[in-house]
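Asker: Quick note, the sequences are listed as chains A and B, same order. No gaps in the numbering here: position 79 of the first sequence is 79 in the numbering used here, and each next residue is one more. No gaps in the numbering here: position 81 of the second sequence is 81 in the numbering used here, and each next residue is one more.
These aren't lab readings, by the way, just hints derived from the structure by calculation. Take these hints with a grain of salt, some might be off.
Straight-line Cα separation of at most 25 Å, DMTMM-like style, residue types lysine to aspartate or glutamate; simulated pairs [claimed, not checked]:
(1) A:K120 <-> A:E79
(2) B:K83 <-> A:E269
(3) A:K292 <-> B:E86
(4) B:K62 <-> A:E79
(5) B:K46 <-> A:E374
(6) B:K83 <-> A:E30
(7) A:K8 <-> A:E75
(8) A:K122 <-> A:E228
(9) A:K292 <-> B:D9
(10) A:K8 <-> A:D39
(11) B:K62 <-> A:E294
(12) A:K305 <-> B:E97
(13) A:K383 <-> A:D105
(14) A:K8 <-> A:D105
(15) B:K67 <-> B:E43
(16) B:K83 <-> A:E286
(17) B:K71 <-> A:E294
(18) B:K62 <-> A:E269
(19) B:K95 <-> B:D9
(20) A:K221 <-> A:E174
(21) B:K95 <-> A:E250
(22) A:K245 <-> B:D19
(23) B:K83 <-> B:D32
(24) A:K305 <-> B:E86
(25) B:K76 <-> A:E337
(26) A:K8 <-> A:E30
(27) A:K305 <-> B:E66
(28) A:K383 <-> A:E304
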Amino acid sequence: MTDTQDVKLALVVDDSVMQCKVLSVLLKEEGYRVFTANDGARAVAMYVKYKPDLVLMDINMPIMNGLELIEKVRENQTETWVPIIVLSALGDEEDIIRGLETGADDYLSKPINLSILRSKIKSMQKMISLQSINKHTKEELRQANDDLEQEQQLAKNLADNILSQGNIEHPCLEYWLCAAKHFSGDLIGASQTSDGRLHIMVADSSGHGLSAALPTLAVAKIFHTMSEKGFSIPSIVAEMNLATKAMLPEDRFVAAALFSIDFHQKAIECWNGGLPAALVVDNSGEIVHEFKSENLAISILASEKFNSRTTTYNWDDTCELIVYTDGLIEAENLSGEQFGLPALLSVIKSNSLGNRLQVIKQQTMNHLDAEQGEDDISLLAIKCQQELES
Amino acid sequence: MVISNESGDVSILIDDRFDFSQHQSFRDAYADCNTSGTNFVLELAKTTYMDSSALGIILLLKDHAEKISGKVIIRKPSEAVNKILEIAQFHRLLKIEL
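This is chain A alone, in the form it adopts within the complex (with noise of 0.2 Å):
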């Protein structure tokens, strides 16, 4: 059966077919289209077939009680809040609350005042508006971060898609990349050059979310462009800073470390603009060099004030280089501690090359306990040795 929307249903569950007729009449003056029942079973049936707005039920009836069909109803009941008046002789205290607790919303006692009986459904009705209101500002919100969602993440495998032009893959190279939201504002990017050296990029680009993945997205397109073609770490830093600083406002940055690898010259040359000191960490643990951060981060000076100097390692046994952004060592469990430096320098310290990054990912995720971070955490480990097989 189909209803349009503005009739209202009512089921009157009633052993006397003259006490039906009464509360009929009354609820089709009120505006409702009746259905009858003389037995708790035909009642059940009707409900689950025409999904009334309101039902007045007897509580003494044969086949199936009035407690137990007030069991039913609320079994089939939907979202929608049916309202269900009992009307029974059985007026003792002990009934009322009894059909109350099985889960009627109101109980009158026979004989019924009508007056009385009319305004009740008057007020049920009240509460079934608001209720719809409420259930409608619902389905709106709902629906309105439905529609947020979905763009989300079509942008999202857009950012993806461009990102994932850069092959990250190197067997040299470690990485762990967790963002805070759906974007990240942090972002790990490694290319091989042309002439055999790897060329690697850890951004940490000021915000979160979408607005802090944009600006990244243009630096790694510029990234692996460059690297690709053979341009060194000062030509693409300087190129970046132009292109950013053209497109972003006065407030936004993107701090990031840029480096190439010469494995055959056993060199590190690095370009740091507002990251951490990037760690060179021996065979035993020490740390054997810094590359500190000696320059503002990317698009904040204009181009003729921008320093794309770079500084270099040389190395002469096996040595580990670790990248991170500030999100690692600022990840706060929930009393508000955070990982901190020392702790990091301290599996650094205790743990052999090539297992430190992995130790590292667990214990900062032991220290966040399931939280999620409030900033983006990146982590970068490259093995720098001779010998290399590629």
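Could you slot chain B onto chain A? The hints should help.
Answerer: This is chain B only, laid out in the frame that chain A set:
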């Protein structure tokens, strides 16, 4: 955040956390200070946490100060904040009084 105006310099005192939540109130605070040559002194002694949005806020303040031929001075940053300023290399942009 407390703002005071003494002998032409605007002093801005930041509480425990300096982050994106202060963005609007901070902008409102300095927007009306248009007297030529006004210096903005940012007191960060009590601040223990500062995120990248806060650095962005300082960049905006610096931009505003330069438009009216003024300066931004960061005064007495706490140890934690000083580390962040050091990594960001902000001493290359403005004066930091330790």
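Asker: Now tell me if each hint is right for this structure.
Answerer: A quick look at each hint next to the structure:
no. : hint              : result
1   : A:K120 <-> A:E79  : holds (22 Å)
2   : B:K83 <-> A:E269  : holds (24 Å)
3   : A:K292 <-> B:E86  : holds (10 Å)
4   : B:K62 <-> A:E79   : violated (56 Å)
5   : B:K46 <-> A:E374  : holds (22 Å)
6   : B:K83 <-> A:E30   : violated (73 Å)
7   : A:K8 <-> A:E75    : holds (21 Å)
8   : A:K122 <-> A:E228 : violated (75 Å)
9   : A:K292 <-> B:D9   : violated (34 Å)
10  : A:K8 <-> A:D39    : holds (22 Å)
11  : B:K62 <-> A:E294  : holds (20 Å)
12  : A:K305 <-> B:E97  : holds (23 Å)
13  : A:K383 <-> A:D105 : violated (71 Å)
14  : A:K8 <-> A:D105   : holds (18 Å)
15  : B:K67 <-> B:E43   : holds (21 Å)
16  : B:K83 <-> A:E286  : holds (22 Å)
17  : B:K71 <-> A:E294  : holds (23 Å)
18  : B:K62 <-> A:E269  : violated (32 Å)
19  : B:K95 <-> B:D9    : holds (15 Å)
20  : A:K221 <-> A:E174 : holds (21 Å)
21  : B:K95 <-> A:E250  : holds (19 Å)
22  : A:K245 <-> B:D19  : holds (23 Å)
23  : B:K83 <-> B:D32   : violated (31 Å)
24  : A:K305 <-> B:E86  : holds (19 Å)
25  : B:K76 <-> A:E337  : holds (24 Å)
26  : A:K8 <-> A:E30    : holds (9 Å)
27  : A:K305 <-> B:E66  : holds (16 Å)
28  : A:K383 <-> A:E304 : violated (36 Å)
In the structure shown, a violation is registered for the earlier hints numbered 4, 6, 8, 9, 13, 18, 23, 28, in ascending order.
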